[in-house]
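A.B. asks: Chain by chain, the residues:
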Amino acid sequence: MTDTPSTPTKSNPTKSNPGRFFEDFRPGEEIVHATPRTVTEGDAALYTALYGSRFPFESAATAALDHGFEDAPLDDLLVFHIAFGKTVPDVSLNAVANLGYAGGRFGVPVYAGDTLSTVSRVVGLKENSNRKTGVVYVHSAATNQRGEPVLDYIRWVMVHKRDPESPAPEPLLPHLPEAVDAADLRLPEGVSFAGFDTALTGSPHLWEDYQPGERIDHVDGMTVEEAEHMLATRLYQNTARVHFNQLAQQDSRFGRRLIYGGHVISLARALSFNGLGNAVRLAAINAGSHTNPLFAGDTVFAWSEVVERLEVPGRRDVGALRLKTVATRNQPADAFPEKDENGKWASEVILSFDYTVLMPRRA
Amino acid sequence: MTDTPSTPTKSNPTKSNPGRFFEDFRPGEEIVHATPRTVTEGDAALYTALYGSRFPFESAATAALDHGFEDAPLDDLLVFHIAFGKTVPDVSLNAVANLGYAGGRFGVPVYAGDTLSTVSRVVGLKENSNRKTGVVYVHSAATNQRGEPVLDYIRWVMVHKRDPESPAPEPLLPHLPEAVDAADLRLPEGVSFAGFDTALTGSPHLWEDYQPGERIDHVDGMTVEEAEHMLATRLYQNTARVHFNQLAQQDSRFGRRLIYGGHVISLARALSFNGLGNAVRLAAINAGSHTNPLFAGDTVFAWSEVVERLEVPGRRDVGALRLKTVATRNQPADAFPEKDENGKWASEVILSFDYTVLMPRRA
Amino acid sequence: MTDTPSTPTKSNPTKSNPGRFFEDFRPGEEIVHATPRTVTEGDAALYTALYGSRFPFESAATAALDHGFEDAPLDDLLVFHIAFGKTVPDVSLNAVANLGYAGGRFGVPVYAGDTLSTVSRVVGLKENSNRKTGVVYVHSAATNQRGEPVLDYIRWVMVHKRDPESPAPEPLLPHLPEAVDAADLRLPEGVSFAGFDTALTGSPHLWEDYQPGERIDHVDGMTVEEAEHMLATRLYQNTARVHFNQLAQQDSRFGRRLIYGGHVISLARALSFNGLGNAVRLAAINAGSHTNPLFAGDTVFAWSEVVERLEVPGRRDVGALRLKTVATRNQPADAFPEKDENGKWASEVILSFDYTVLMPRRA
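Residue numbers (our numbering), protein chains in the order written: chain W, 1 to 363; chain L, 1 to 363; chain R, 1 to 363.
No lab work stands behind these hints, which were simulated from the structure alone. Incorrect hints may have been included.
[Unchecked claim] Just the calculated beta-carbon pair ranges, DEER-fashion: (1) R316(R) - V242(W): 24 to 30 Å; (2) P149(R) - L176(L): 50 to 56 Å; (3) T14(L) - S166(W): 34 to 40 Å; (4) R362(L) - L173(R): 28 to 34 Å; (5) E208(R) - A248(W): 31 to 37 Å; (6) G314(L) - P149(R): 22 to 28 Å; (7) P171(W) - T14(L): 45 to 51 Å.
Keep in mind it's a predicted model, so treat the numbers as computed, not measured. Every residue, glycine too, gets a C-beta built ideally from N, C-alpha and C.
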């Protein structure tokens with residue numbers, strides 16, 4: 001556990017949190033994040049209202065119980081956002097950019113009434129050549145009130161230095177797996193996907209029906225409002241200033257509030273129901289890039305590619321699909337936009353998210 | 001149960017749901033809708049936040065228990081919206097217009113924790129003379145996790161044909177009752193309205209005080225925002241595209257996102273508390289017309305007329321009122337606007353809703 | 001208990017509530033407000049989404065249980081808003097202005113499942129010299145379903161007279177304490193703040209660390225949207241028309257919907273976490289002024305001053321801080337704006353709120 005740094009500034013002589021700068025991170029340091037959070041059915045209802053998600057176990061407790069869950073689990077991405085939000089005051093309050101994710105694994109299902117906490121360890125540090133910023137890598141682990149793992153992942157962010165002249169630490173770069181191995185996925189204990197009824201989702205397509213390389217246009221578009229992304233981001237107790245303070249943002253490069261990148265992930269996942277309705281559970285986050293910003297008033301679309309179809313060791317009831325879901329703004333995804341001829345992200349692409357889902361197999 | 005039709009199109013080669021066209025409906029066909037939904041206190045809180053509803057049994061569990069409910073019931077219209085939302089992907093994704101409702105009856109109260117499912121039967125089909133569209137009538141029945149009826153109703157929608165040249169089915173038109181008979185209302189078992197305390201609502205007016213032909217201006221106005229109607233419509237897992245996709249809508253006839261008609265019904269019902277505060281429960285939906293569209297930024301008002309005062313057979317504690325509630329946009333309802341001299345809906349009228357409520361009687 | 005006044009007007013012949021005018025209040029009169037309200041985890045989740053509050057006992061049931069609460073309590077200000085909302089239809093529907101608060105004391109913690117009711121007593125009446133308006137003072141007491149006090153406070157509002165010519169009552173002015181005495185604070189029974197872990201909040205500062213006269217800039221800014229303040233105000237079942245009806249407001253002095261003053265209090269309290277993270281519970285509301293209106297699109301900031309550091313009689317685990325929190329619009333609070341050289345509220349100041357919080361002491 002560490003104390004919150006509390007560097008006096010003119011307007012903030014003592015008590016408010018200025019956030020950490022690059023110099024404040026030490027290799028191997030453990031940061032116990034504040035604000036443990038009990039999640040409830042209220043959070044789940046808001047999540048549905050924010051994204052319109054329709055995946056069956058989160059939607060219907062009856063379906064969840066039939067398959068061995070203790071109750072309707074909370075959406076995996078709601079868990080991700082809450083776990084992530086806790087890290088912001090300590091890790092990314094002074095971040096320039098959220099650069100990437102790797103090695104994310106979901107753990108035990110989270111139910112209403114569980115209390116989530118997050119602890120991060122600094123696993124990499126590298127000053128940038130301009131000496132004004134550096135990249136911080138943290139491994140963040142979220143647990144429930146019994147200490148069981150619910151999610152852990154590595155993320156890296158670019159953070160301002162307090163002083164460009166301060167000495168650079170020895171560069172330390174963590175191992176970043178390209179993807180989580182099927183053997184390392186944590187399947188929820190006691191849950192069987194056998195006998196899954198596709199009437200729950202209206203999608204007849206199961207694990208066997210998806211082919212590596214197959215692309216799916218998720219068709220629908222969702223326009224985002226300022227009130228929506230701010231409600232979401234506050235629900236996650238994510239305090240990053242760029243999402244909330246229009247007065248400050250009007251003088252920024254974009255002149256607008258930036259929408260939390262996780263809001264885009266949740267929108268894309270909800271849109272993906274139309275084509276991936278039986279992707280009932282997230283098992284891993286392999287990688288993710290927020291390639292362009294999203295602003296209120298923009299309309300989000302998504303398409304997905306099946307990257308790999310993976311057997312889950314020892315399981316016949318369920319398989320895994322490694323997916324890449326790409327979200328766009330203000331342009332339908334039916335042309336599967338991604339990078340341009342120069343290998344640069346197309347301007348309409350706002351997210352490329354590489355993750356692994358569980359999907360029931362045919363009997 | 002039917003499979004979801006999955007007609008390949010250019011942008012949608014295999015897996016996403018294109019929705020049904022007129023040709024896809026067969027007389028008598030039963031459609032088991034996807035996405036059963038467990039309702040919670042979270043949904044109830046959102047419903048209050050969206051409409052400001054103040055009816056007493058939904059507001060106060062103490063009042064509900066005093067009268068024989070098991071708990072605070074969820075708002076009847078929240079149940080309606082969730083039951084309705086499930087039918088959209090199968091019935092009205094390609095709908096041109098939602099034409100009407102008839103014969104709607106509420107059943108057992110719905111409590112937090114109940115799981116709602118909807119099944120529809122195709123009860124009418126009629127091609128339009130232009131051969132490009134047809135009208136589909138479905139009888140939709142929503143049940144809880146014990147199979148008990150919570151709501152059933154007939155609705156009819158105009159749906160695109162896939163191909164104007166495809167043959168028309170034999171026209172089939174269902175019987176549409178003008179109104180649900182008082183003898184057919186389903187009163188919640190074990191619930192007594194005797195001893196109802198008007199201090200719960202602040203309205204001293206009970207069933208005996210309302211006269212057929214009486215008109216009530218509900219006075220207050222409520223301006224609607226894009227974020228609000230989208231949060232509501234997603235909460236109901238209603239995926240109709242016209243509500244969410246501004247990019248597509250800007251090329252539509254209206255250039256705007258259309259607000260889900262059910263949102264208007266809920267706004268009108270919430271406004272009606274001011275004048276109908278003791279209309280404690282919806283028992284039937286007799287008819288309803290969405291006469292003009294509503295857009296974000298518009299302000300909604302409402303007035304009601306008492307159509308009939310009905311005894312409920314065998315009950316002295318409670319009576320029924322058949323009401324017509326008319327909602328307007330951007331014009332107060334104190335002049336009771338409805339149709340113009342030519343029998344056309346006035347341009348400010350957006351809803352005419354004919355329904356039956358339960359109201360306590362004097363001892 | 002009183003009947004709701006029901007004065008016929010042109011548009012409102014009989015049944016809807018016109019609200020009370022100054023003449024309708026009698027000294028000593030007790031008003032039992034309508035709409036008791038069961039609060040739930042859904043309300044708590046919405047409260048988090050609306051303000052991003054992070055105080056530890058409301059956020060984490062585990063922390064609450066560790067300290068002797070029965071569960072995570074609902075936010076004190078959520079309780080205030082719900083208690084307040086009930087009084088609006090009877091007290092302030094025809095209010096010109098909400099003038100002040102005094103003598104507010106929080107009582108027993110409120111948990112999900114509790115049902116709140118409010119009763120007000122008219123404790124002061126004074127006609128204004130223009131004879132068109134008068135000031136009404138009410139003492140409002142909110143209780144839970146067991147009749148235990150959860151909050152009581154005095155507020156005063158300026159209300160229209162129905163008729164300027166109607167006779168003025170004898171002026172009656174209640175005693176308004178400058179602040180609630182430490183000895184009169186009601187601490188939650190069975191709750192100990194001993195052993196409080198500052199890792200819960202990330203703030204190392206405890207009661208001993210705050211000095212009278214100390215000022216804290218809460219740094220962050222929060223822009224407010226129309227959808228947000230209306231969702232909040234409806235959640236509280238507060239029906240004051242100026243918050244919702246843009247059609248009517250466009251002809252008002254401001255041309256805009258006014259944001260409920262309580263929304264500002266909650267925003268300021270949530271912002272104050274950054275600097276006052278261990279101010280774990282509100283104990284009293286000493287005074288409050290809504291000095292300028294707030295409109296959607298404005299960005300809110302806040303700063304606080306420690307007015308007094310108070311021992312709580314008989315307690316070593318916890319102390320009280322009397323705070324003044326000032327909220328601003330569209331201007332950061334780092335210059336601690338308050339009144340100008342003429343003693344007039346600076347135009348950017350929208351709230352000055354004098355209240356007492358509980359904060360754990362060092363062992």
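A.B. asks: Hint by hint, note whether the structure agrees.
C.D. replies: Each hint, compared with the structure:
The given range of 24 to 30 Å is broken by R316(R) and V242(W), whose C-beta atoms sit roughly 43 Å from each other. For P149(R) paired with L176(L), a C-beta distance near 55 Å keeps the hint of 50 to 56 Å intact. Between T14(L) and S166(W) the Cβ separation comes to about 56 Å, which falls outside the hinted range of 34 to 40 Å. A hinted range of 28 to 34 Å for the beta carbons of R362(L) and L173(R) is inconsistent with their spacing of about 41 Å.
Hint check: E208(R) to A248(W), Cβ distance near 34 Å, so the stated range 31 to 37 Å holds. A hinted range of 22 to 28 Å is violated for the C-beta pair G314(L) and P149(R), which are about 43 Å apart. The hint said 45 to 51 Å for the Cβ distance between P171(W) and T14(L), and at roughly 47 Å that hint holds.
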